[in-house]
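Protein sequence lines, in the order shown, are assigned to chains A, B, C, D, E, F, G and H.
Each position in the first sequence, counted from 1, maps to that position plus 12 in this note's numbering.
Each position in the second sequence, counted from 1, maps to that position plus 12 in this note's numbering.
Each position in the third sequence, counted from 1, maps to that position plus 12 in this note's numbering.
Each position in the fourth sequence, counted from 1, maps to that position plus 12 in this note's numbering.
Each position in the fifth sequence, counted from 1, maps to that position plus 12 in this note's numbering.
Each position in the sixth sequence, counted from 1, maps to that position plus 12 in this note's numbering.
Each position in the seventh sequence, counted from 1, maps to that position plus 12 in this note's numbering.
Each position in the eighth sequence, counted from 1, maps to that position plus 12 in this note's numbering.
The hints are simulated quantities; they were obtained by calculation from the structure and are not laboratory data.
Here are the computed lysine to aspartate or glutamate pairs in the DMTMM-like style, where the Cα-Cα straight-line distance is at most 25 angstroms:
id	chain 1	residue 1	chain 2	residue 2
1	A	Lys158	D	Asp64
2	F	Lys98	F	Asp26
3	E	Lys98	E	Asp50
4	F	Lys36	E	Asp48
5	A	Lys158	D	Asp48
6	F	Lys100	H	Glu22
7	C	Lys158	B	Asp48
8	B	Lys158	F	Asp64
9	A	Lys100	A	Asp29
10	C	Lys98	C	Glu22
11	A	Lys158	D	Asp53
12	E	Lys98	G	Glu97
13	A	Lys100	B	Asp50
14	F	Lys36	B	Asp39
15	C	Lys100	C	Asp26
16	H	Lys98	H	Glu22
17	F	Lys158	E	Asp53
18	E	Lys100	G	Asp53
19	F	Lys100	H	Glu97
20	D	Lys36	A	Asp39
21	A	Lys36	H	Asp39
22	D	Lys158	G	Asp26
If you want the ones that stay clear, here's a sample from chain F, every Cβ over 12 angstroms from chain H, calculated:
id	residue
23	Ser44
24	Thr47
25	Thr143
26	Gln145
27	Thr156
28	Lys158
29	Ala161
We treat Cβ as the ideally placed atom computed from N, Cα and C, and that holds for glycine.
One letter stands for each residue in the lines below.
There are 8 protein chains.
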Amino acid sequence: MTLNVYLSGEIHTDWRDQITQAAKGLDVTFSSPVTDHDASDDCGVAIMGAEDQQFWHDRKGAQLNAIRTRHGIENADIVVVRFGEKYKQWNAAFDAGMAAALGKSLIVMHQPEHQHPLKEVDAAALAVVQTPQQVVDILIYVLTGKLPA
Amino acid sequence: MTLNVYLSGEIHTDWRDQITQAAKGLDVTFSSPVTDHDASDDCGVAIMGAEDQQFWHDRKGAQLNAIRTRHGIENADIVVVRFGEKYKQWNAAFDAGMAAALGKSLIVMHQPEHQHPLKEVDAAALAVVQTPQQVVDILIYVLTGKLPA
Amino acid sequence: MTLNVYLSGEIHTDWRDQITQAAKGLDVTFSSPVTDHDASDDCGVAIMGAEDQQFWHDRKGAQLNAIRTRHGIENADIVVVRFGEKYKQWNAAFDAGMAAALGKSLIVMHQPEHQHPLKEVDAAALAVVQTPQQVVDILIYVLTGKLPA
Amino acid sequence: MTLNVYLSGEIHTDWRDQITQAAKGLDVTFSSPVTDHDASDDCGVAIMGAEDQQFWHDRKGAQLNAIRTRHGIENADIVVVRFGEKYKQWNAAFDAGMAAALGKSLIVMHQPEHQHPLKEVDAAALAVVQTPQQVVDILIYVLTGKLPA
Amino acid sequence: MTLNVYLSGEIHTDWRDQITQAAKGLDVTFSSPVTDHDASDDCGVAIMGAEDQQFWHDRKGAQLNAIRTRHGIENADIVVVRFGEKYKQWNAAFDAGMAAALGKSLIVMHQPEHQHPLKEVDAAALAVVQTPQQVVDILIYVLTGKLPA
Amino acid sequence: MTLNVYLSGEIHTDWRDQITQAAKGLDVTFSSPVTDHDASDDCGVAIMGAEDQQFWHDRKGAQLNAIRTRHGIENADIVVVRFGEKYKQWNAAFDAGMAAALGKSLIVMHQPEHQHPLKEVDAAALAVVQTPQQVVDILIYVLTGKLPA
Amino acid sequence: MTLNVYLSGEIHTDWRDQITQAAKGLDVTFSSPVTDHDASDDCGVAIMGAEDQQFWHDRKGAQLNAIRTRHGIENADIVVVRFGEKYKQWNAAFDAGMAAALGKSLIVMHQPEHQHPLKEVDAAALAVVQTPQQVVDILIYVLTGKLPA
Amino acid sequence: MTLNVYLSGEIHTDWRDQITQAAKGLDVTFSSPVTDHDASDDCGVAIMGAEDQQFWHDRKGAQLNAIRTRHGIENADIVVVRFGEKYKQWNAAFDAGMAAALGKSLIVMHQPEHQHPLKEVDAAALAVVQTPQQVVDILIYVLTGKLPA
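All chains, please: the whole structure from these sequences, using the hints.
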């Protein structure tokens, strides 16, 4: 059994690295969005030409990023979505909605203070966790049946 | 041609009423989530029994609300998602993600200051508007081919 | 909004009648399996000829009943599955699995003593209840947003 | 031709080992649920924190196990479901329902005394058998066209 | 519950009339292919122009008939396929294969002498019958739970 | 049997009127794109605000029109696509591709001089015709089995 | 590009061998039903126990064979169905119907005398041929763009 | 992450070679239609026999080519469609429609003078570009997150 895991959401901390490091040796393939914030914002105009208006600047970029994010979500067995402490993060919730509609196993990661506003997202998840280690523990359990010591 | 339209998102202003009033006479059927905030929060425990922890209190309610929201989205031709000025509104973005994954025609409504954080949601939409009247204008045009005077 | 509700499971008590009576006036269409136990057991051989072996006797009947149960589940928005106090009731759990795989909103009804062996079925449900009245309360809430007094 | 086979159901005897041992050398990949009963029951709280109520204790675990079982069923060509002599085994029937709804080739294994209560499950199966060796014989036949001597 | 029933196959006897007559008053909608043999053979060239070769003459007609037959099968809950005593009737078996792949409830009607060559078709059916009355009995049972006296 | 027919393609002649007039009394529901060329071109900016660049002017309009055209194609049983004598008409071929991928019954209407460049589109069609009357003849035949006199 | 090709239909001549031999070196994977006629007829009872009636004897076998044939068809890019000179061959037409409904590229092989009764099957095919060599020529062309010398 | 990219459309310039050359070393698999114009036109009659009428000559060829093009599009993550300066190119727009309906990430390549007639096709695309290098830049960005220097 190989698990394809897509790591969606917050891009300002190293939670993805923590998971992929701790998951070394497991039969897991990880994918994720482009996490270079500037590249992600400007990719559309950098490749397809500048725009005067921010709306179309952003549209060009967001559609280009969608090629990667949709590929990641559609090919995933598990979609992990982390909500950080800051920012609107509507793209994270949007990815969670896509994952739910596509029948993916959804794991949501967030701090307790966001519990209430995330209740609809959590309600679609098979697991709600707070730390990267818990995601790794889940992957280990799903793959091997072993629980953390 | 009948259009089934689901009105998702912000529940603190009367934008849904404005649309349904102005759309009187059009061949449109509207549906929406429960917009009574207290009922929506407490429905789970009111029907299925109290919970000590907020997490499960919210889970019971969110799952019950999901019966209605999924029905609305899955049966819609058009999903309109309004993002208000306040709150996290992750459920709105989650609904937009579901609508996109299910191939629904998505219309997003928000104020200009939210343009950048909503760029991924907007990029999945067939129309991005700011006012209820624009939604009505779109419904009129789609149904009749008539543009606003 | 009309809700199509399929009432699966236990056929020895009048829980279906209780629900349909209490739901009078709601915009709900109910369907259910054939609840005449003898007819359900013997329908296959009654129409298509007797069998010497019980296995094929049952096969003929179960396949005929499947025409009705699949139609009910596939056309339902909500599938309610009640587990009674007695018998194996594997067909009830089978219906719940079909409903889950088809993305139906699943409501499971059972007494507390069955909580542990039903945990996988409950985990796929959007609501777990004990009484017909709770099902009706859910239907009222989903359709109208009103909670029980 | 490679066959992916998911072995669902009873976890108290070594029937899975018998099949995988006897199927050595065949082009078959086997998967199965976690068969360590204690780990399966407690995985949710062990990773995501304790619960006061058994219902939520079980919910957390069952949802975690669903990540593995759904992956197994969705990726299977053949789903084998064994019903043992004891217990309610509603999860086995639930898995069979999912497999049937997803169009998987279903093989059901059980003793003659369970024939009548399992008639709806059997009626959805392409084969009904009693022993692990019969499952292996089927796999050999499907892969090679050879019948048992 | 309304049942949409498509009556496929043999067009030389009045079995369709027998069924629709006997099913009067049931909540059933029947559809069927064009049963006028000459019209069915020549419809393509009659509307779209003559062809020198029989192959293209037949192609034009068969593709036109496919508009109706696919509509009938795709919108059916139940597909009844009757194999008569004569002719190759490959189109009947083709329809049965389509119905099976689309997950329709399949009823096959034929005489005993065709049992062996039809075994693969029968094996995909939920009922195998010999007479129009049996089809009507099945419809009555599925709709009302009543068995023939 | 009701047929939903979407009339796609050329908007400069009255072929749609000819079909709908001649089909009076048939159990057919017709839908079509907005055929007011100016409204179709300018709908986006008229409702959602002007654009400096033609590319985004057109994008806004084309996405709005897509709400209607996708609804029409997705709800159609039959998609008729007419290619006229002039213009690129890539949207007509695009609609035909969508119809083919969605498994709709496709009828293509064009003059003989376009036969070779339309061969891939024709090859996906169940009927290739030259006149509105032929479309009507097909609808009559599909619905009633009657051929033109 | 790898092509998965399922070779369905007539099992009394060596047409499958001719194709697989001539296709050596091409990037093609072939699958097929069990072509040992006796094994195919008796597999069900040989593994799952004898039956008194031919109907159930055949049912057991046909359902077992369906595990293999459905796997082959569902995983195929191209389904080739050969109709021989003799027998009813309804299973061949049934496979063609399944392939058509699943959107597979269908190639039908038969002699000219069967052209008329096979017109509905042919009309669903992307190619109609008479010889194994033509199938190989098609595979070569599809994979390499080369035509026979 | 591997990307499967189908290169559809114009076959008279070397744009496919430019892309595949410049994409060397990337984790991309390219596929494309047969680009030998004569072979593509004549493949049907070369393998399956001559036709008197151009319509059927073309039909035979177009259906054979459809085996390859549908395989390419259905297995692609990204479909790139290039519209050249000349010809009707309706097959290119048809492929774009198929790709859109199948939910593929669509990239459209064309010169500015075709912007207006291609607006519906562009509106379904995640990127609209003019040069092969831009396609390569997009592939590099999607795979690695790196922007062109």
